[in-house]
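Q: Here the protein sequences come in this chain order: F and H. Start counting the first sequence at 1; every next residue gets the next number (the UniProt record's numbering). Start counting the second sequence at 1; every next residue gets the next number (the UniProt record's numbering).
Quick caveat, the hints were computed from the structure, so don't treat them as lab data. Virtual Cβ for every residue (Gly too), placed ideally from N, Cα, C. Incorrect hints may have been included.
With a cut-off of at most 20 Å between alpha-carbon atoms, the simulated PhoX-like pairs for lysine-lysine come out as follows [to be verified]:
| hint | chain 1 | residue 1 | chain 2 | residue 2 |
| --- | --- | --- | --- | --- |
| 1 | F | 642 | H | 169 |
| 2 | F | 370 | F | 325 |
| 3 | F | 268 | F | 300 |
| 4 | H | 169 | F | 643 |
| 5 | F | 339 | H | 186 |
Footprint (simulated), chain H over chain F, 3 or more residues, beta carbon under 8 Å [what the hints assert, rightly or not]:
| hint | stretch |
| --- | --- |
| 6 | 419-425 |
| 7 | 460-466 |
| 8 | 475-488 |
| 9 | 563-569 |
| 10 | 628-641 |
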Amino acid sequence: MKITCTALVCVFISLFLRTSCVQAVFSDDAFVTDWQLANLGPWEKIIPDARDRNRILIVSNPTETSSLLSSFNVSSGQILFRNVLPYTVDEIQLDDDNHNVVVCVDSSSQSWQKFDLHDWFLLDEGVGHAPASTALSQYSYPNDQVVIKGNELHILDNESSLAEWKLELPHGFNKVEYFQREDPLVLVLNVNNTQYLGFSVNGTELVPAWQRDESLTNVVDYAVLDVFDSKDLELNNDMIAERDSSSLWNAYWLRVTTNWNRFMNLLKENHFSPGRVFTRLLALDTKDTTTSDLKFGFAKTLIVLTRNGIIGGLDMVNKGQVVWKLDLQIDQGIKMFWKDNNHKELIVFSRDGHYLTIDLVNGLPVIKSKASLLSKGAVESVIELDDNQCEYLIKFDNGNHQLLKLDPLVDHTDSSIFITEHDSNGIFGRMIVNDEVQDTWQRTVKPTEKIVAFNKRDETNLNSLGLTLGDKSVLYKYLYPNLAAYLVTNKEHHTITFNLIDTITGEVLITQEHKDSPDFRLPTDIVFGEYWVVYSYFSLDPVPEQKLVVVELYESLTPDERFSNTRRSYDPLTGQTNKLQHIAKQYIFPEIIKRLAISKTTNDITTKAIVMELENGQITYIPKLVLNARSKPEDQMTNEDKKEFMAAPYAPIVPINDNFVITHYRNLILGPDSKLISIPTNLESTSIICDLGHDVFCTRVTPSGQFDLMSPTFEKGKLLITILILLVITYFIRPSVSNKKLKSQWLVR
Amino acid sequence: MSQQEPHEWAERLLNTKYIEKYTVQNSNTLASPPGFENGASKGNISKKQRDATSQTTTLAQKSQITTLQVHKAWQIAFQPAKSIPMNIFMSYMSGTSLQIIPIMTALMLLSGPIKAILSTRSAFKPVLGNKETQSQVQTAMLMFIAFQGVLMYIGYRKLNSMGLIPNAKSDWLPWEEIVDYNHGLKWFSN
Numbered sequence: 001m002k003i004t005c006t007a008l009v010c011v012f013i014s015l016f017l018r019t020s021c022v023q024a025v026f027s028d029d030a031f032v033t034d035w036q037l038a039n040l041g042p043w044e045k046i047i048p049d050a051r052d053r054n055r056i057l058i059v060s061n062p063t064e065t066s067s068l069l070s071s072f073n074v075s076s077g078q079i080l081f082r083n084v085l086p087y088t089v090d091e092i093q094l095d096d097d098n099h100n101v102v103v104c105v106d107s108s109s110q111s112w113q114k115f116d117l118h119d120w121f122l123l124d125e126g127v128g129h130a131p132a133s134t135a136l137s138q139y140s141y142p143n144d145q146v147v148i149k150g151n152e153l154h155i156l157d158n159e160s161s162l163a164e165w166k167l168e169l170p171h172g173f174n175k176v177e178y179f180q181r182e183d184p185l186v187l188v189l190n191v192n193n194t195q196y197l198g199f200s201v202n203g204t205e206l207v208p209a210w211q212r213d214e215s216l217t218n219v220v221d222y223a224v225l226d227v228f229d230s231k232d233l234e235l236n237n238d239m240i241a242e243r244d245s246s247s248l249w250n251a252y253w254l255r256v257t258t259n260w261n262r263f264m265n266l267l268k269e270n271h272f273s274p275g276r277v278f279t280r281l282l283a284l285d286t287k288d289t290t291t292s293d294l295k296f297g298f299a300k301t302l303i304v305l306t307r308n309g310i311i312g313g314l315d316m317v318n319k320g321q322v323v324w325k326l327d328l329q330i331d332q333g334i335k336m337f338w339k340d341n342n343h344k345e346l347i348v349f350s351r352d353g354h355y356l357t358i359d360l361v362n363g364l365p366v367i368k369s370k371a372s373l374l375s376k377g378a379v380e381s382v383i384e385l386d387d388n389q390c391e392y393l394i395k396f397d398n399g400n401h402q403l404l405k406l407d408p409l410v411d412h413t414d415s416s417i418f419i420t421e422h423d424s425n426g427i428f429g430r431m432i433v434n435d436e437v438q439d440t441w442q443r444t445v446k447p448t449e450k451i452v453a454f455n456k457r458d459e460t461n462l463n464s465l466g467l468t469l470g471d472k473s474v475l476y477k478y479l480y481p482n483l484a485a486y487l488v489t490n491k492e493h494h495t496i497t498f499n500l501i502d503t504i505t506g507e508v509l510i511t512q513e514h515k516d517s518p519d520f521r522l523p524t525d526i527v528f529g530e531y532w533v534v535y536s537y538f539s540l541d542p543v544p545e546q547k548l549v550v551v552e553l554y555e556s557l558t559p560d561e562r563f564s565n566t567r568r569s570y571d572p573l574t575g576q577t578n579k580l581q582h583i584a585k586q587y588i589f590p591e592i593i594k595r596l597a598i599s600k601t602t603n604d605i606t607t608k609a610i611v612m613e614l615e616n617g618q619i620t621y622i623p624k625l626v627l628n629a630r631s632k633p634e635d636q637m638t639n640e641d642k643k644e645f646m647a648a649p650y651a652p653i654v655p656i657n658d659n660f661v662i663t664h665y666r667n668l669i670l671g672p673d674s675k676l677i678s679i680p681t682n683l684e685s686t687s688i689i690c691d692l693g694h695d696v697f698c699t700r701v702t703p704s705g706q707f708d709l710m711s712p713t714f715e716k717g718k719l720l721i722t723i724l725i726l727l728v729i730t731y732f733i734r735p736s737v738s739n740k741k742l743k744s745q746w747l748v749r
Numbered sequence: 001m002s003q004q005e006p007h008e009w010a011e012r013l014l015n016t017k018y019i020e021k022y023t024v025q026n027s028n029t030l031a032s033p034p035g036f037e038n039g040a041s042k043g044n045i046s047k048k049q050r051d052a053t054s055q056t057t058t059l060a061q062k063s064q065i066t067t068l069q070v071h072k073a074w075q076i077a078f079q080p081a082k083s084i085p086m087n088i089f090m091s092y093m094s095g096t097s098l099q100i101i102p103i104m105t106a107l108m109l110l111s112g113p114i115k116a117i118l119s120t121r122s123a124f125k126p127v128l129g130n131k132e133t134q135s136q137v138q139t140a141m142l143m144f145i146a147f148q149g150v151l152m153y154i155g156y157r158k159l160n161s162m163g164l165i166p167n168a169k170s171d172w173l174p175w176e177e178i179v180d181y182n183h184g185l186k187w188f189s190n
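From just these sequences and the hints, can you work out the full model?
A: In structure tokens:
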């Protein structure tokens, strides 16, 4: 009976999500607005696939703990399958009994795994010698067949040793990566170390068949460059002028006059011909996505910094096409910031203690300067103090700090600066006094404990001080800004603890412990929205489940009770601020969650969505309203409770709705340090979600539906024609009406 | 332009003495239509008798008029009460969803009684001016106002159930000010 109830609740919620709550990405948007850069990384080993001469196996992107094994179609340049193996592949063997089975061997641990070559299902695994298999030799290209003479590559004829095909070497040629003489002839060249060019034969010529760029693999940081349209700037200036006008009436008058002038200009441009204006208005309907992309702020350049020290600009509306890239020649990139509000200069920090200034001249990057930091240690973290003020706090591996001030004019005498740093062992409060870093407080954890997730409170636009309940009373949100939340795992007691701290005083405001045997091998993450925290962990008791916990922070849990007082002056340093009250609720999610993020929009009016990268490589999202800490079981809900906006009874299992899987059936490989981000657009309804890591994936979500976009089925033409017909009718009817009026005055029938 | 002689009728119109030349026949001298003979003219009832009957008839008429006036006043007072059950039923049936028709009817329920209260005197005009019935008419007027109040209350309840009356804290939430906790204090984190 209980199971049926739960099932019913699940069905109810999925229906609720499907119908009323939010609009998901539907098939007309799928694979149109979203894109993915599926990377392999620099090719380490190439093993020809014995079964099919078009295919090769590539081992790439080796780390200490994993490697990527891909099946690749060498004639078309398509990735057929990618498989992340949790060890370094040293050798690949072919099963003697079944030629559709490969064995991957890790020589350091003497372990092997057997895979089906078609679908890469794991068939068998073991330690020691793999049974009955032959080692596949790593590919090396035959020197006697391909020779490089000067600036040309010659493919020699086997018998005569004369050049059968000649190819001018591309710029930046590095080496011949792969060559296959027959069935079919395939030549793969490596250019600039990270680019791969595939050639095939067309008659007597070698022609380029495909190319792959593997340089933008393993993204560590990003920056977003907006692409503007001149018309948008004009509108923007109008908005600013309106905002800055002295009174509401002036603003209104300004809008009326500017729009009237615009209308008159439109008439003038069309020589006061209504027909021309009409056709022009109709022409606005054409599906010119470029202008709409510019207008709606979808046209952006996503600038990514890779671990290998390469920055690249990706065109976000053009399927992530690489617009430009630049090798910064640094050891390892870690952080990147905009230096100015106009987004003209970037500053990039490298792990070996360098920082580079990059100028974006006409949209193309140029290294302006390169300098080193004072300390010799490796850079651990960089914190930007204030947006675009060119002031950074750099922490080195050896525990030293350096305050890097690029603009000597920036002065903080009128304000005090506090910083919170964290690593897996503790959280440290610091303060900057006279350009010196001073320690204020610290919360270190025991040796058996570890901080696994940390997040500070999101900076959002405040739209409402409280939540309106069903009976029109108000629950006031706790809006104290200096808050951070973190999760601590304890191996000794086998618990996971959620803590909320005041980052100025270091006071722990909330602590709640979970004793349901959390699994420390699986990922945990935490996000901190305006007045709520959502965190995820995997627990084993009573049955293994992915848990999602939501904690909501209020001034008081009694409606209409407000403790913060605008007339009182608060000093966070003394800790004498009004304290919070909280309410928490736990939910169960059917998939293992790797990473969480909150959707961001321009004005934060759209309902928030929790975007989740799952362990299986999919990305999905659920509205925050579904994770409601105040929700109650249906039988406990009063009529007033039901009247609340989007009120739903508490259903512990949050199902995954297929429409909300924004990656569709893509195979994403993002790596352990991926970044799940949300970028606001000019449309309040729409937010761009990107996941940056080994691959780069971007899409758009509309958590409250596309409420600010005219639906494509809106019939502008019909509307205009109706107005026109009405005008014409009025024109003809007017004389007859006035005639009738006159007659009635004279009592003439 | 040649000077024309004025018309004869125009001259007579302006001449005040012209009308005096005509002898006007007084309608009083005309005989009453048949059946409208005055009793006195018949001469078969004595003057005393006549006086006594006329006195009793006027007294009876007066008391009748008073009762009639009071009756009428209470009728006017109860007029709004008659529509109370119907209005309660209507506002209950139309639900609390925000639609233009229920909003309009609820607003009419609010504005109608106000107008009616302001024009109470004109509503009671036919029964006013009689000193004997004044106190009773005034009570009826008070009842009239009370019934209008009941109608207004129905309209108020209706608007309130629609959430259109700003009487809760949430209605004034946008005007509440936010507290600035960080006066010049800035906080950053990695």
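Q: Evaluate each hint against the coordinates.
A: A quick look at each hint next to the structure:
1. The hinted pair formed by residue 642 of chain F and residue 169 of chain H meets the criterion: a straight-line CA distance of about 19 Å does not exceed 20 Å.
2. A threshold of 20 Å between alpha carbons decides the hint, and for residue 370 of chain F with residue 325 of chain F the separation of about 18 Å falls inside it, so the pair holds.
3. For the suggested pair residue 268 of chain F and residue 300 of chain F, the alpha carbons sit about 34 Å apart, so the restraint of at most 20 Å is broken.
4. The hinted pair formed by residue 169 of chain H and residue 643 of chain F meets the criterion: a straight-line CA distance of about 16 Å does not exceed 20 Å.
5. Taking the CA atoms of residue 339 of chain F and residue 186 of chain H, the gap is near 19 Å; set against the 20 Å cutoff, the hint holds.
6. Figure legend: the stretch 419-425 of chain F, annotated as covered by chain H; annotation consistent (4 residues with Cβ-Cβ distances under 8 Å, at least 3 required).
7. Counting residues of the stretch 460-466 of chain F whose CB lies closer than 8 Å to any CB of chain H gives 4, so the stated coverage by that chain holds, three being the minimum.
8. Judged by the Cβ-Cβ criterion of 8 Å, the stretch 475-488 of chain F is covered by chain H as claimed, because 5 of its residues qualify and three suffice.
9. As drawn, the stretch 563-569 of chain F meets chain H at 5 residues by the rule of a beta-carbon pair under 8 Å; at three or more, the given contact holds.
10. Coverage of the stretch 628-641 of chain F by chain H is violated. Counting CB-CB distances below 8 Å, 0 residues qualify, and the rule asks for three or more.
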